[in-house]
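> Okay, here's what each chain looks like letter by letter:
Protein chains: 4
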Amino acid sequence: MHPYRLTISCADRPGIIADVSGFITGHGGNIIESHQYSDDSSGMFHMRYVIDPANLRMNAEDFQVLFLPIIERYAMNFKLTDTQKKTKVLLMVSKIDHCLKDLLYRWKSGELDFDIPCVISNHPDLKEYVEWFGIPYFHIAVPKDEKGKETAFNATSDIIDKYQPDTVVLARYMQILPPWMCAKYQNQVINIHHSFLPSFMGAKPYHQALERGVKLIGATCHYVTENLDAGPIIDQDIARVHHYHQVDDLVRLGKDVEKSVLSRGLRNHLEERVLVHNNKTIVFG
Amino acid sequence: MHPYRLTISCADRPGIIADVSGFITGHGGNIIESHQYSDDSSGMFHMRYVIDPANLRMNAEDFQVLFLPIIERYAMNFKLTDTQKKTKVLLMVSKIDHCLKDLLYRWKSGELDFDIPCVISNHPDLKEYVEWFGIPYFHIAVPKDEKGKETAFNATSDIIDKYQPDTVVLARYMQILPPWMCAKYQNQVINIHHSFLPSFMGAKPYHQALERGVKLIGATCHYVTENLDAGPIIDQDIARVHHYHQVDDLVRLGKDVEKSVLSRGLRNHLEERVLVHNNKTIVFG
Amino acid sequence: MHPYRLTISCADRPGIIADVSGFITGHGGNIIESHQYSDDSSGMFHMRYVIDPANLRMNAEDFQVLFLPIIERYAMNFKLTDTQKKTKVLLMVSKIDHCLKDLLYRWKSGELDFDIPCVISNHPDLKEYVEWFGIPYFHIAVPKDEKGKETAFNATSDIIDKYQPDTVVLARYMQILPPWMCAKYQNQVINIHHSFLPSFMGAKPYHQALERGVKLIGATCHYVTENLDAGPIIDQDIARVHHYHQVDDLVRLGKDVEKSVLSRGLRNHLEERVLVHNNKTIVFG
Amino acid sequence: MHPYRLTISCADRPGIIADVSGFITGHGGNIIESHQYSDDSSGMFHMRYVIDPANLRMNAEDFQVLFLPIIERYAMNFKLTDTQKKTKVLLMVSKIDHCLKDLLYRWKSGELDFDIPCVISNHPDLKEYVEWFGIPYFHIAVPKDEKGKETAFNATSDIIDKYQPDTVVLARYMQILPPWMCAKYQNQVINIHHSFLPSFMGAKPYHQALERGVKLIGATCHYVTENLDAGPIIDQDIARVHHYHQVDDLVRLGKDVEKSVLSRGLRNHLEERVLVHNNKTIVFG
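Protein chains in written order, with this note's numbering: chain C, 6 to 290; chain F, 6 to 290; chain E, 6 to 290; chain G, 6 to 290.
Since the hints were derived computationally from the structure, they do not count as laboratory data.
Check the hints yourself; a few may be wrong.
[Claimed, not checked] Okay, derived cross-link-like pairs now, DSSO-like style, lysine-lysine, Cα gap no bigger than 27 angstroms in a straight line:
{"no.": "1", "chain 1": "F", "residue 1": "K106", "chain 2": "E", "residue 2": "K113"}
{"no.": "2", "chain 1": "C", "residue 1": "K132", "chain 2": "G", "residue 2": "K132"}
{"no.": "3", "chain 1": "E", "residue 1": "K113", "chain 2": "F", "residue 2": "K100"}
{"no.": "4", "chain 1": "C", "residue 1": "K100", "chain 2": "G", "residue 2": "K113"}
{"no.": "5", "chain 1": "F", "residue 1": "K132", "chain 2": "F", "residue 2": "K113"}
{"no.": "6", "chain 1": "F", "residue 1": "K93", "chain 2": "E", "residue 2": "K106"}
{"no.": "7", "chain 1": "E", "residue 1": "K285", "chain 2": "C", "residue 2": "K209"}
{"no.": "8", "chain 1": "F", "residue 1": "K106", "chain 2": "E", "residue 2": "K93"}
{"no.": "9", "chain 1": "E", "residue 1": "K154", "chain 2": "E", "residue 2": "K189"}
{"no.": "10", "chain 1": "F", "residue 1": "K90", "chain 2": "F", "residue 2": "K100"}
{"no.": "11", "chain 1": "F", "residue 1": "K152", "chain 2": "F", "residue 2": "K84"}
{"no.": "12", "chain 1": "F", "residue 1": "K209", "chain 2": "F", "residue 2": "K167"}
{"no.": "13", "chain 1": "E", "residue 1": "K189", "chain 2": "F", "residue 2": "K132"}
{"no.": "14", "chain 1": "C", "residue 1": "K100", "chain 2": "C", "residue 2": "K84"}
{"no.": "15", "chain 1": "E", "residue 1": "K93", "chain 2": "E", "residue 2": "K106"}
Work the whole structure out from these sequences, hints included.
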């Protein structure tokens, strides 16, 4: 079965669930999974339905048209996904390869179910590895000067626009995207940062962690926004470290946390379990 | 606000959500929290709604009557709780006091919201401590012979029946309840076992753990059934142990896990987040 | 058996272990536990020995005298503890009671083995509770003006000096100690901060955590220094939070982490497993 | 620097540390890391030293000869390793590839430092993948009949003997080694079992876990002994599961735990941090 997934965010008021579930049932659909969260502080209603369309008397396009009156009644932010169509995830990477290779393993083994239209990197190092899988690899060096950066990110954006991915994953891509790219692909670009944010933002978080003498290190999966390492957090996790661990050990222990947090966060994102409101995420787990 | 909580289990088929939410909305209620789980393997539908009754045009009794046609349509296992009425939790304990004292702290500080009609123990040790809180304490010794046991458990059951608790918690009560009591209070008696079940069932699990040389110990919160330590599991957790830990250390480390798992499991149970089907739990978290 | 504990820090060079262990064995002592850590980056050697003194042909005072040549040879920072003498831990608290009550439970039940000479608080709220255990309780209000603060902390310091504790625990004491107190009791004052530092330093960390939308909250046990929440970290831990958790939930979930981290850190400190160098701790676990 | 590693197990009595450290220092060695554990219940002394041999006035062979009197004095079980010589780890696998590929990644990236003389499998599936790394791959089918099994395991043992590995890792090798092989390579064969033992021994542990309705699943890294899944445990870890997880989910979540536990346990084993006594491990971490 390829179910439909429906996510809704709107100002909360009585009747939304009855109206939406009534609409679905009335057209022959069966709700097989549902999550709801009404946030008192923001007054917002968030919902995610998974629908068995076996007996649904309309296709996804018709659904959207027929559902319009309800959307308008509640001024809904709304998304309907027919899971028959595979999601496209574009990967970006620099030189450090553990997150990229981990995602490729999970993709190849079928654990994560999406298409990879291409990989973009500011280094040529992983070209051969990526192309071995039959995936196009674009090497776009990012110079240090402003002018060069602009050219590089224009080229990067052109490739993204050409392949039309649903999601871009920065799998340890060590460049800061320009604000206009963050705005253009809002809530579509996922980054893995190698600290438990907001601790140790910016560069070299493991060095910062060692310097501070923390007993935990971590990783954070978040949507990229204009403010560096300050976007909505999707998932975080930690590993315990000891006084005898040096930076190399932190990097090693951190790699496993990064892989785990990124793949888990991406999975939730792809299954449309993640809704964003006011720089925070609702994650229906 | 004192919301209503509605839990439903029944064979899955289309229309349940629409019918239930339509009923609630139609009578002026607002669904502020909802969880649903349709279990493919059993074909069962499980749901939990939290309802704001501010504008509900019926009280809890009327709700149950008016809702009857829907219950019958789907042959629902159904429970409606008006949270205005406080839950009654009866505690049972032997000599080891950390779980009891932890629950009393959480209760006294308002973290866990219920009434404690009384404490029953097979030992007198904690009498003074419990009565200091103004809670009646019944000491019912449990002899080793069958006849004596029967008398003791009849007396225990009489006290339970007199105080009519919603839930009984075995907070390290080191006696095995007779089958007839397990049957009588099905899914109402919660036990904390000091291992990650099914490892180390029965007596002295920490000694068993040390003997086996495990690197993790744990605790399990579960409903009591006739089969010792084999009832539906509500929650579990673990702590890491090392080769230099002796039984005393395992007991010490385990205490914190037991307190944490029992209070967390009890909290979910009291908020009616725990549904039971076929010796397994659905926990809407 | 009441073993001796010996901790040593000095610049690393060959022969320390042979000299120290030779000295102990030569005088009839048996080393039953040993930890060592040589830190490449600082060039420091750190060691902890537990010694069975049953056949030791000298008492603790003589040990110190006879050991002097070795201390001088290596310019050692050195501490010898005869565990026969109980450690004194002075507790300080404001109004929030979970850490204090948790420590009192662990102390009363014998899990943590020390004497509590007295409790100091800037509020009278916990007086009755503490005195019930036969522990003196000093209420010293801390005014907001500088002059009043100075008077209050002088009085506080006088009480500390009168009772001569080995360690002071700030069990959710919500005042900032003046720099001169931090200096006077260096590495003797342990604080529990309710975030995984360095995230959310200062006031209201749970509010900060909710605002940032983190998926983990935590607690940190550290030595108090002049720089607020920046002292050497002894232990940290975290709890997972979800989008539906409000500040109240974070406080509730955090309480358990705070209790756990503080009691664990204090235990390691009291067993002299924690050595400090350059604002970082070595924890021999 | 390529340090020496020295591990010792013997009956505990005073003087061991002084004698051993005196010997090392006397010959110009510097102890840069030391762990010791004296087990009261067994009366055994266990130790691990890391020695900087820069100024050592003897090589590893001479060390063993000159150290002989001390070995004999204490009837020591003793091992000296010159880390200049790379460890050889032979991998065995069936069809499920995540543990093998994870180890190959950690090996290739230099995170785990050993040589892989060959891979043995009872299936041909991973031949191409393994040979791509330049590693010989032996496919030895294991028939179901006793006679065929015997032939297969004789052939397997011949390959092991030919390549003389220090350690054999069963990276999800789904066959049970015959008792004579377990005896022959005692404490040299490491297995990863996909449950937190002793729960769910034998086949299909994830199915067993789902059936029992546990809230945690896990993995265990242990030395292989004649008793199936009952050998000395090196490491364990768990992942949290929920009611909506099916066997596929448990398998998916479990894979990450298996990889993590196996690589961590293997790392400790290779660094000679793991000593075995009476079916339990001492892990100097």
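> With reference to the structure, classify each hint as holding or not holding.
Hints, verified against the model:
1. K106/F <-> K113/E: Roughly 12 angstroms between the alpha carbons, so the hint for K106/F and K113/E holds.
2. K132/C <-> K132/G: holds, 24 angstroms
3. K113/E <-> K100/F: holds, 15 angstroms
4. K100/C <-> K113/G: It holds: about 15 angstroms lies between the C-alpha atoms, which stays within 27 angstroms.
5. K132/F <-> K113/F: Between K132/F and K113/F the Cα gap is close to 17 angstroms, so the pair holds against 27 angstroms.
6. K93/F <-> K106/E: holds, 25 angstroms
7. K285/E <-> K209/C: Distance ~19 angstroms between K285/E and K209/C Cα, so the pair holds.
8. K106/F <-> K93/E: Since the Cα atoms of K106/F and K93/E sit roughly 25 angstroms apart, the hinted pair holds (cutoff 27 angstroms).
9. K154/E <-> K189/E: It holds: about 17 angstroms lies between the C-alpha atoms, which stays within 27 angstroms.
10. K90/F <-> K100/F: violated, 32 angstroms
11. K152/F <-> K84/F: Roughly 38 angstroms separates the two Cα atoms, so the pair is violated.
12. K209/F <-> K167/F: violated, 33 angstroms
13. K189/E <-> K132/F: With a Cα-Cα distance of about 45 angstroms, the restraint between K189/E and K132/F is violated, given a limit of 27 angstroms.
14. K100/C <-> K84/C: violated, 35 angstroms
15. K93/E <-> K106/E: holds, 17 angstroms
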